[in-house]
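The hints should help you fit chain B onto chain A, whose structure is shown.
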Amino acid sequence: MVIFSVYVVNKAGGLIYQYDNYVPRAEAEKTFSYPLDLVLKHHDEKVVVSFGQRDGIKVGHAVLSINGIDVMGKSTADGKDILEYLKDPSNYPVSIRFGRARLSSNEKLMLASMFHSLFAIGSQLSPEPGSSGIEMLETDVFKLHCFQTLTGIKFIVLADPRQASIDALLRKIYEIYADFALKNPFYSLEMPIRCELFDQNLKSALEIAEKAGNFGAGS
Amino acid sequence: LITVKHKSPLYFKINSELFTLTYGALVTQLCKDYENDEEVNKQLDKMGYNIGVRLIEDFLARSSVGRCQDFRETADVIAKVAFKTYLGVTPSVTNWSPAGDEFSLILESNPLVDFVELPDNHNALIYSNLLCGVLRGALEMVQMAVDVKFVQDTLRGDNVTEIRMKFIKRIEENLPAGDE
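Chains as they are written, first to last, in this note's numbering: chain A, 1 to 219; chain B, 1 to 180.
Excised from the complex, chain A in its bound form (with noise of 0.2 Å):
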């Protein structure tokens, strides 16, 4: 059983904590000898495969690592532009990893003030006043839980569908942020939260909802 993330948004709708517990990546790496068989375009700053597909490469997926070094963004690690790179015969052969890329943080911003937005409508729609919102969203790869407190601040966990008990861990991850981030008087209230005590004690929560979650019941 895996928690996947954590997202905490403050009143306005704006992300101030983020924690991703677990990426699952399907990723490939092979390597390839001139000229290479895939169609490579740039996209939002990275490089994505737009055309061809084979072992395990699809389309949409990023170019990661090449030759085993991680690269960053449009560019390899050492700022030579990748699409170049790939043009010259002479750097073959390459070995390139390929797989689904993780959202970068502007993107995280976006998708949490959207689920914000989306928040309020649901409650807008329902037809009984006093509606608590959205409390879970669920797909067949995850299921994201939500808790929004008395006070506006919401509590997003991304879980394994069969993950049982996030209720309890939203719950106490409330407390966890009542403690470690509050009652730090250096924490400014709905800036992000950079507080190191909330960072562990937030791990060790997520590692004890993920044993409790193997032994069944609950929510």
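In case anyone wonders, no lab produced these hints; they're calculated from the structure.
Predicted, not measured: the structure shown is a model, and the values here were computed from it.
Idealized CB from N, CA, C, for every residue including glycine.
Hints are not guaranteed to be accurate.
Computed from the model, here is a short list of chain B residues facing chain A with C-beta under 10 Å [as the list claims (entries may be wrong)]:
(1) LEU60
(2) VAL142
(3) PRO176
Here are the simulated DSS-like cross-link-like pairs (lysine-lysine), alpha carbons at most 30 Å apart as the crow flies [to be verified]:
(4) LYS11/A to LYS32/B
(5) LYS11/A to LYS46/B
(6) LYS169/B to LYS11/A
(7) LYS46/B to LYS149/B
(8) LYS30/A to LYS183/A
(9) LYS183/A to LYS32/B
(10) LYS74/A to LYS30/A
(11) LYS169/B to LYS149/B
(12) LYS183/A to LYS80/B
(13) LYS11/A to LYS84/B
(14) LYS183/A to LYS166/B
(15) LYS87/A to LYS74/A
(16) LYS166/B to LYS84/B
(17) LYS41/A to LYS169/B
(18) LYS183/A to LYS149/B
Listing some non-contacts, in silico: residues in chain B with all C-beta distances to chain A over 10 Å [claimed, not checked]:
(19) GLU17
(20) GLY24
(21) ASP70
(22) THR85
(23) SER104
(24) ASP120
(25) THR154
Just chain B now, kept in the frame of chain A:
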């Protein structure tokens, strides 16, 4: 001794004398810094506000109190749960206004003022004004604007300590979604 109990394994005792001394040191330092009782009262209220906006989350995270439906419920929760949890005392709720928007908390004892006597040159000082700020800040975070003030104070010669709380309005900006 004040015993602080949490739902989590955190459970420790703090000497209430240390608490009284700490608060006293705070007030006397403010008096030295500002030399003006009105200003000190304001600073205490401000500090209390900053405590209140944080304390409310601790309170909500640990108690299973839900949203109060009306001001009477709020008064009960403040007196019976909040004061009990944080100061170990349970004030009584009395003197409701006819409109139900004002009430008084009567404190028999106040841990902040154990051993304290106000000297003559500090007649206007509201020693425990921090509490007013705490209540104001905490309620603001749950979308309630209130006015809180001491109307009687044993330190200033009254028989009891009385805090008057008045409901001003619901704060409509930035309502959490779902609370119309």
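Now for the hints, and whether the structure bears them out:
1. Taking 10 Å as the C-beta cut-off, the interface hint given for LEU60/B holds, the closest approach to chain A being about 6 Å.
2. With a cut of 10 Å, the hint placing VAL142/B at the interface with chain A holds, because the nearest CB-to-CB distance is about 5 Å.
3. For PRO176/B, the shortest C-beta to C-beta distance to chain A is roughly 4 Å, which falls under 10 Å, so the interface hint holds.
4. Restraint check for LYS11/A and LYS32/B: the C-alpha separation of about 38 Å exceeds 30 Å, so the hint is violated.
5. Distance check on the hinted pair: LYS11/A and LYS46/B sit about 22 Å apart at the alpha-carbon level, within 30 Å; holds.
6. Restraint check for LYS169/B and LYS11/A: the C-alpha separation of about 20 Å stays at or below 30 Å, so the hint holds.
7. In summary, the hint linking LYS46/B to LYS149/B is supported, as the alpha carbons are separated by about 13 Å, within the 30 Å threshold.
8. For a cut-off of 30 Å, the pair hint linking LYS30/A to LYS183/A is broken: about 50 Å separates their Cα positions.
9. Of the supplied pair hints, the one linking LYS183/A and LYS32/B holds, its CA atoms being roughly 27 Å apart against a limit of 30 Å.
10. Between the alpha carbons of LYS74/A and LYS30/A the distance comes to roughly 19 Å, so the proposed pair stays at or under 30 Å and holds.
11. Annotation: proposed proximity of LYS169/B to LYS149/B holds, straight-line Cα distance about 17 Å (limit 30 Å).
12. This hinted pair checks out: LYS183/A and LYS80/B have alpha carbons roughly 23 Å apart, not beyond 30 Å.
13. Proximity of LYS11/A to LYS84/B is assessed by CA-CA distance (about 29 Å); at most 30 Å being required, the pair is judged to hold.
14. A distance of roughly 28 Å separates the Cα atoms of LYS183/A and LYS166/B; the hinted pair therefore holds under the 30 Å criterion.
15. The straight-line distance between the Cα atoms of LYS87/A and LYS74/A is roughly 14 Å, inside the 30 Å bound, and the hint therefore holds.
16. At roughly 21 Å between alpha-carbon atoms, LYS166/B and LYS84/B fall within 30 Å of each other, so this suggested pair holds.
17. Taking the CA atoms of LYS41/A and LYS169/B, the gap is about 57 Å. The hint is violated against a cut of 30 Å.
18. A distance of roughly 25 Å separates the Cα atoms of LYS183/A and LYS149/B; the hinted pair therefore holds under the 30 Å criterion.
19. Every CB of chain A is more than 10 Å from the CB of GLU17/B (nearest about 22 Å), matching its label as outside the interface.
20. At roughly 20 Å, the least C-beta separation between GLY24/B and chain A is larger than 10 Å, which holds for a residue marked as non-interface.
21. Listed as outside the interface, ASP70/B is consistent with that label: its C-beta sits roughly 14 Å from the nearest C-beta of chain A, beyond the 10 Å cut-off.
22. Every beta carbon of chain A lies more than 10 Å from that of THR85/B, the smallest distance being close to 13 Å; the non-interface claim holds.
23. Under the 10 Å C-beta cut-off, the non-interface status given to SER104/B relative to chain A holds; the minimum distance is some 25 Å.
24. Against the 10 Å criterion, ASP120/B stays outside the reach of chain A, whose nearest CB is about 35 Å from its own CB.
25. Consistency note on THR154/B: stated as away from chain A, and its beta-carbon is indeed over 10 Å from all of that chain's, at 30 Å minimum.
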